[in-house]
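This is what each chain is made of:
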Amino acid sequence: MVFNSLTFVVFFACVLGLHSLPLPWTAKKINLLVASYLFYAAWNPPFVILLWVSTVVDWYAAQGLVKARREAARHAWMLLSVIANLGMLGYFKYGQFLLDNFVTLMSAAGIDYHPAHYDIVLPVGISFYTFATMSYTLDVYLRRASPARNLLDYALFVTFFPHLVAGPIMRPTELVPQFAQPRRATGEQLRFGLALMTLGLFNKIVLADSFLSTVAERVYDSDKIPAALDAWVATLAFSGQIFCDFAGYSTTAIGAALCLGFAMPDNFRFPYAAVGFSDFWRRWHITLSSWLRDYLYIPLGGNRHGARRTYIALMSTMLLGGLWHGANWTFVAWGGLHGLYLAVERALRARFSGYRPSPLVFVLLGLLTYTLVNVTWVFFRAKTFSRAWIVLRGMAGQNAAARPILATFSLLSAAAIVGALVLTHWLMRARTLEAVIARAPAAAVCVVWALMAFAIVIAQGSGSAFLYFQF
Amino acid sequence: MPSSISSSDSGGDAEGDHARPDAAPRANDRDRYARETAADRPGVAQPVPVRPVPEQPWGKILLGVMALLALLVAGWESYWRGYDAKPGIRNTYALWGIQRQRIDTGKGNATVLVGGSRVYYDIQLPVWERLDGQRPIQLSFEGTSPLTYLEDLAADPKFVGRALVGVEPDLFFSGFEYRGGAVRYTRKESPSQYIGQQLSMRFIEPYLAFDDPDFALNTVLERQPWPERPGKHVFLVPRKLGFHEADRNSYVWDKVSDDPEYRDLWQRIWRDAFEPGPDDPTPAEALKIEKEQIARAVQVVAKLRARGVRVLFVRMPSSGEYLAYENRDFPRARTWTALLAATGAPGIHFEDYPELQGYLLPDWSHLTHSEAERFTAALYGVVMRDFWGPKAGVEPVAPADR
Numbered sequence: 001m002v003f004n005s006l007t008f009v010v011f012f013a014c015v016l017g018l019h020s021l022p023l024p025w026t027a028k029k030i031n032l033l034v035a036s037y038l039f040y041a042a043w044n045p046p047f048v049i050l051l052w053v054s055t056v057v058d059w060y061a062a063q064g065l066v067k068a069r070r071e072a073a074r075h076a077w078m079l080l081s082v083i084a085n086l087g088m089l090g091y092f093k094y095g096q097f098l099l100d101n102f103v104t105l106m107s108a109a110g111i112d113y114h115p116a117h118y119d120i121v122l123p124v125g126i127s128f129y130t131f132a133t134m135s136y137t138l139d140v141y142l143r144r145a146s147p148a149r150n151l152l153d154y155a156l157f158v159t160f161f162p163h164l165v166a167g168p169i170m171r172p173t174e175l176v177p178q179f180a181q182p183r184r185a186t187g188e189q190l191r192f193g194l195a196l197m198t199l200g201l202f203n204k205i206v207l208a209d210s211f212l213s214t215v216a217e218r219v220y221d222s223d224k225i226p227a228a229l230d231a232w233v234a235t236l237a238f239s240g241q242i243f244c245d246f247a248g249y250s251t252t253a254i255g256a257a258l259c260l261g262f263a264m265p266d267n268f269r270f271p272y273a274a275v276g277f278s279d280f281w282r283r284w285h286i287t288l289s290s291w292l293r294d295y296l297y298i299p300l301g302g303n304r305h306g307a308r309r310t311y312i313a314l315m316s317t318m319l320l321g322g323l324w325h326g327a328n329w330t331f332v333a334w335g336g337l338h339g340l341y342l343a344v345e346r347a348l349r350a351r352f353s354g355y356r357p358s359p360l361v362f363v364l365l366g367l368l369t370y371t372l373v374n375v376t377w378v379f380f381r382a383k384t385f386s387r388a389w390i391v392l393r394g395m396a397g398q399n400a401a402a403r404p405i406l407a408t409f410s411l412l413s414a415a416a417i418v419g420a421l422v423l424t425h426w427l428m429r430a431r432t433l434e435a436v437i438a439r440a441p442a443a444a445v446c447v448v449w450a451l452m453a454f455a456i457v458i459a460q461g462s463g464s465a466f467l468y469f470q471f
Numbered sequence: 472m473p474s475s476i477s478s479s480d481s482g483g484d485a486e487g488d489h490a491r492p493d494a495a496p497r498a499n500d501r502d503r504y505a506r507e508t509a510a511d512r513p514g515v516a517q518p519v520p521v522r523p524v525p526e527q528p529w530g531k532i533l534l535g536v537m538a539l540l541a542l543l544v545a546g547w548e549s550y551w552r553g554y555d556a557k558p559g560i561r562n563t564y565a566l567w568g569i570q571r572q573r574i575d576t577g578k579g580n581a582t583v584l585v586g587g588s589r590v591y592y593d594i595q596l597p598v599w600e601r602l603d604g605q606r607p608i609q610l611s612f613e614g615t616s617p618l619t620y621l622e623d624l625a626a627d628p629k630f631v632g633r634a635l636v637g638v639e640p641d642l643f644f645s646g647f648e649y650r651g652g653a654v655r656y657t658r659k660e661s662p663s664q665y666i667g668q669q670l671s672m673r674f675i676e677p678y679l680a681f682d683d684p685d686f687a688l689n690t691v692l693e694r695q696p697w698p699e700r701p702g703k704h705v706f707l708v709p710r711k712l713g714f715h716e717a718d719r720n721s722y723v724w725d726k727v728s729d730d731p732e733y734r735d736l737w738q739r740i741w742r743d744a745f746e747p748g749p750d751d752p753t754p755a756e757a758l759k760i761e762k763e764q765i766a767r768a769v770q771v772v773a774k775l776r777a778r779g780v781r782v783l784f785v786r787m788p789s790s791g792e793y794l795a796y797e798n799r800d801f802p803r804a805r806t807w808t809a810l811l812a813a814t815g816a817p818g819i820h821f822e823d824y825p826e827l828q829g830y831l832l833p834d835w836s837h838l839t840h841s842e843a844e845r846f847t848a849a850l851y852g853v854v855m856r857d858f859w860g861p862k863a864g865v866e867p868v869a870p871a872d873r
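Just so you know, the sequences run in chain order A and B.
Number 471 marks the last residue of the first sequence (my numbering); no jumps.
Number 873 marks the last residue of the second sequence (my numbering); no jumps.
Everything labelled a hint here was simulated from the structure, so no lab data went into it.
Check each hint, because a few of them may be wrong.
[What the hints assert, rightly or not] Stretches of chain A that chain B covers, calculated by requiring three or more beta carbons in the stretch to come under 8 Å of a beta carbon on chain B:
#1 188 to 197
#2 454 to 460
[Unchecked claim] With a straight-line Cα cutoff of 30 Å, these simulated BS3-like cross-link-like pairs (lysine-lysine) come out:
#3 B:Lys659 / A:Lys383
#4 A:Lys224 / B:Lys762
#5 B:Lys711 / A:Lys224
#6 B:Lys578 / B:Lys774
#7 B:Lys531 / B:Lys659
#8 B:Lys578 / B:Lys531
#9 B:Lys629 / B:Lys774
#10 B:Lys711 / A:Lys383
[As the list claims (entries may be wrong)] Restraint-style ranges between C-beta atoms, simulated for each label pair:
#11 B:Ala538 / A:Leu151: 43 to 49 Å
#12 A:Val436 / B:Gly530: 17 to 23 Å
#13 B:Gln828 / A:Ala416: 34 to 40 Å
#14 B:Phe745 / A:Glu217: 25 to 31 Å
#15 B:Ala777 / A:Tyr113: 34 to 40 Å
#16 B:Tyr678 / A:Val361: 31 to 37 Å
#17 B:Asp627 / A:Ala400: 46 to 52 Å
#18 B:Glu763 / A:Thr104: 27 to 33 Å
#19 B:Pro523 / A:Ser316: 35 to 41 Å
#20 A:Ala416 / B:Leu670: 29 to 35 Å
#21 B:Arg573 / A:Ser316: 53 to 59 Å
#22 B:Glu763 / A:Ala416: 39 to 45 Å
#23 A:Ala443 / B:Tyr678: 29 to 35 Å
A virtual CB, placed ideally from N, CA and C, is assigned to each residue, including glycine.
Extracted from the complex, chain B is given alone in its bound form (with noise of 0.2 Å):
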């Protein structure tokens, strides 16, 4: 009898009809690397397999690969840093996760900063921090309603804090999420991705510039001009707009204010995005969208302010045709306005404030480098005068509208 602890000798072909001349590779004799497989081998105990090694100078072999690999990442590092990019953290989900670590482990009564790309890129976290000397914890997600974000704060009870949250309209009245994922990832993530987002962070992402979602091979690829498909129109992608570190404080690529090809591209992304899609809802269902996304608000807000968390809206800059857009599409009255009468919740729209206009905004929805750090000192000041300071009372519970 054929033994776990010894090969096996083929036994005989029970089920004959398996084996044909014309199925595998062992037909073919001149092949000397030819073995047979488990499909060979009918209704036996299977031998220890045959695993040759082709004959090949493979210690050579395996240097030039190496000398060659490093050549071709050098040179793909030095076209992408000739781009001007530079390293950064990537802004992935278990990066977020360990911000949103923090809260659950001590920094329960932080501010916490939750919208979408302009809360994330126009907020600095060191200038709020010398301020008011505490970093806020960052939980934006560019393109995404905050909403769902929200929602997780709401639902954890170790949250005690403030909570700063972003409205752009037309992420927060469409419920739109392009980085929504982030509680269901944080919600399972394995040990093996906690590793493996923290050896990334120390030892890659600070190093190569070309480690960024935006010069992936297939992303670059797709980005090339192919022609277009008859009646399908290729939409613009948003390419990189800034840089994030470890603690997700982030900021404008200089590109898209010192470069001109690269600001109209941007400007070109928003203005095709500004157009209708064959998927957008109908004007209608864009109406019962708006209402329900209130309604979480109503909802969010109220759980949050139950537990004594001070709640703030902001309505982030924007300008030239994203301004008219939001205001054609999502006008004040019936969002903005609408939202902080139902919620109860005290809001900051940048057009009521004096000191939070006139900032330059290249791609008409993000505020540079520099200005950011200007605006968040404005900001800061906004928030402590009127709404969180010693000085600012008690938290109007229905506030006008501004």
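The shape of chain A in the complex, shown without the other chains (with noise of 0.2 Å):
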């Protein structure tokens, strides 16, 4: 179920429920492990197998690892999650999108191919509990960390409603130990975390949903050609709705976390207000950016390497990390213009190592940052590079063809609403929303809130799936 829906107002407010009864804190986890499969059975009652498959397959892998006394056989229980993981991830994720280049290759080689359909539905947040998933064994087998002492508490980390379906992408060793002793909010962080909730509901259905999908869409997925005016706004609003959906659910997360007593990462740290995409990359999608890092960045040679690896290191992580959001060449080109952005920055600090920019060069460095993160939106957004090319050549200004798309209020609020988030986030860059709240009067933060909470009462959300569910 998504969280911006009635069906999950009252499904947690049951597990709220079960969870103050004073019960064994054994039978509470349980309540939560079944809570959570039911939480993910809301979608399709069957994917709960891959779950079962995923906790199964890592929690043997992880054990043998432990006992394994050769270097083989722990290379072999490594590679038996990995490739459990990454195939159930190939076979649900992928399965269409490699047929569909193979069958070009044929073409190409002027062999007519012609398989049947793939008709696979993708299991909903495949993508971050297979990752979840993978980080126990890997830490286990990077002897960073030993294994759960019992399957509940290990199938509770994977199973964990709050990450399951769009993280923030949780590592064993950060919920794990949560699950020793009995944990039960204070009045305090229940209050806060429902707090943070209305925050995160905010954003996505108030901001995402109700102002800037449409903005996005009207231009994206249209077959009009655009002007640069549209073609701009369409594209900030895009940059505007993502953060809203995903830092969204990302808060809505925590919050529910919280309001349980659990703790979950910071997954965004004002991102807009990035200077530079290493800058940007430690605030956008922390938990993912850095499971890239320890899982695939490092282990390919990171930085350590000399000059030429690192560079393929990072292209590759890159490309892998803009495939891992969907299964098409257009996310490939996204991540593949990270990759070039993070290493021409790169290469451009090692060759001004010394240079310390003055303030208004900083805020000019994070507007480039802004500009060229938005032009990587746009093969994001849009669905084929056709698309992609006529939305750029728009932004450039160069589409004689355009006529106007977006209506006066389209630009309007979209620039209103992405002018503020933009602006929000350079004043935020080196707060903490928490510091901000507790220097804030308290009837400033009631009026706050409740605003926030009546802006989404009247917004009437559709209870649209979040953007990265199809990630």
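Got two chains here, each in a separate frame; can you build the complex from them with the hints?
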């Protein structure tokens, strides 16, 4: 079920009620586990089997890793986990993509191949929970952590509903220890957790769904040729939409976990105030970027084997990171652009290592970063390369046949929301939300919270899925 | 070694160039809530996250939020009730799905109504039920050609009843589908969506007048008189037309007939829609589309009739400028007559029956609630007398256009 649904409201109230009953800790954990399976089954019950497979494979792989005496056996257990998880991901997420590309290759070779249509439904959140379970086995393999002591705690780590389908991608060392001792939210945690959930849902339902998504749709999902203004506003709107959608999900998830007494890691740190792309990736989808860094970039050599190897590792990581987001070459292009940006930035930093920008240049570099990030969003949002080129040409003012697509309200609402969003990111660049709330008058916190809740109510969200569910 | 069952220490900075002082909030020493993220700890097991709660009187704040929210919601509800709105069930795909499901769960021989908004609002299910003894299943959608939904019925062997198919020329012969996704939605509806629909239609929608897509925040703001962007004409978008009940019996809002301003607005909406838009098909393309829709109808009717389903086309009443527009862009001979001739199915055109004429259509397209009740009784009479009743005889195979 999605957080922005009536079903979730009832579900969450039941979970909170059960969790506050005077039951033994093990019983409460079983409640949470069953609730998490119900949460997932509410989309498509049979796919719970995939969760079980992922859980069981990595549980036994980690046990095998610990018991293995020979290095080859350790490798084998690790490979079992990686192959099982990536195999599942490959089958459900990339099967059609691989088949389509194979057909294209055959066609290029003059072979007319027509396979049966690969009608597979993508299980929600499979990319997230396979990465979570893989991190468990890989941490044990890399001797960073020892396995969980019991299957219940481990299964709950994999399945815990706040992070299950769209992250933050949790590592076992972040969550499993929290299951060791009884946890129940304090009154303050519960209330602040509810405030975070309101903030997250406000981002999703009001800003992303009600205002920004339609602006992006009207340009990206149409066959009209956009002029510069339409192309830029739609792309900026999408930059706001994807942030509000995904950061909204993460904030809601963090708030939901906090209401139950659990802590989840930050996933976003005001990314549109990033200066440079390494800074951007330290602020955007932090749990994915750090996952890719720890389990892909560093094992590929990281920055310890010379410049050439570093660039190869960087580009490979970002290309695969792009592919993780979706089975389409446009996502690979998105990742490739980010890889290119990171490589260029790295080279510039090496060349001008002593350079310290003035405050004005610093802000200009930040705006340049945001502009270039928006160029990458074109490939992320467009369904095809041809549409991406049309929008990019529009952004460059090169679409001669263009005519206005967006009406005044769309232009103004997107500009106002995205402008406010970017400004907020800059104001919050070196701050935390908690610090700002702590300094604010209680009455202001109360009014802002109530207004966000009211906006959620009157926006009448349609319960549409979060963008990142498709990944 | 750090353990997955205990928090790990941050290890050495294996990729030291990741950490720079200008990057993260931890640089701000004045922020006592500042904390590291996984971005700051490369190549190590990540510790249990820190999730501080800012110091505030959260209990009092929450009470204040609840009170303020209650006041704001009450005010919003009061505003819309003052606008003559009242609670009703939302006409969602899930609501449609509940009715569609009835065909597969024992009501396969029912009378099904499928069409656009005229069949949806102008045929009153309680009146039909009173006369017939059976309540029809309403599967129409506003602004939507019925063909997709008819094709869905044709593909379902469990449906062996009767289909009354509304023909609104500008929808039927253009294939336009404003709400064409119900079949797809229903097939993919998740348990969560099903439960959400049940909860909403039982505990929220019957009590709140503002819970209507027409009164949603974005819709309300978008409808304000924003200055028009040069080169971008904003067409008027249809407003709230009626109310829906749990079984999709629907009727036109009194405001459409009783509030002259609202009625005029509806007439302006239609008038705006009659004007050719920049994305409209060319006359040649429109003709091609008409033929394609008739061809679709031929196939679907043949499939239904082969299974014994009785299909009856009905051209529902329209008047004023709407009727003039329909006659201009979708002339009867080219559309209605051609449809009946091609499909061989019988049809009722309101202009051919005195008892189906002379009703009040405040927006030129839909009947008021009371008129819809009167019209339903008259339509039922014609249907049973000439087509489906015991004295109607065998259904004509290829009737002449009446």
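*CB-CB spacing for leucine 151 (chain A) and alanine 538 (chain B) relative to the 43 to 49 Å hint*: About 46 Å separates the Cβ atoms of alanine 538 (chain B) and leucine 151 (chain A), which means 43 to 49 Å holds.
ask   = Are the Cα atoms of lysine 659 (chain B) and lysine 383 (chain A) separated by 30 Å or less?
value = 22 Å, holds
Does the Cβ-Cβ separation between glutamate 763 (chain B) and alanine 416 (chain A) fall within 39 to 45 Å? Holds - the Cβ-Cβ distance for glutamate 763 (chain B) and alanine 416 (chain A), about 43 Å, lies within 39 to 45 Å.
* Asked: Do aspartate 627 (chain B) and alanine 400 (chain A) keep their Cβ atoms within the hinted range of 46 to 52 Å?
  -> 50 Å, holds
- Query: Between alanine 777 (chain B) and tyrosine 113 (chain A), does the C-beta distance stay in 34 to 40 Å?
  - Reply: The hint (34 to 40 Å, Cβ to Cβ) holds, given that alanine 777 (chain B) and tyrosine 113 (chain A) are roughly 37 Å apart.
Does lysine 774 (chain B) sit within 30 Å of lysine 578 (chain B), going by the straight-line distance between their CA atoms? 19 Å, holds
Quiz item: Do the Cβ positions of arginine 573 (chain B) and serine 316 (chain A) conform to the proposed distance bound of 53 to 59 Å?
Solution: Holds, at about 55 Å.
Item checked: Supplied distance hint 35 to 41 Å, evaluated on CB atoms of proline 523 (chain B) and serine 316 (chain A) -> 37 Å, holds
Between lysine 224 (chain A) and lysine 762 (chain B), does the CA-CA distance stay at or below 30 Å? Holds, at roughly 26 Å.
Range agreement (Cβ of valine 361 (chain A) with Cβ of tyrosine 678 (chain B), hint 31 to 37 Å): 57 Å, violated
Do the beta carbons of alanine 443 (chain A) and tyrosine 678 (chain B) sit within 29 to 35 Å of each other?
Hint holds: Cβ distance 31 Å, inside 29 to 35 Å.
Distance restraint evaluation - glutamate 763 (chain B), threonine 104 (chain A), Cβ atoms, bounds 27 to 33 Å
31 Å, holds
Hints 7, 8, 10, 13 and 16 from the earlier list are contradicted by this structure; the remaining hints agree with it.
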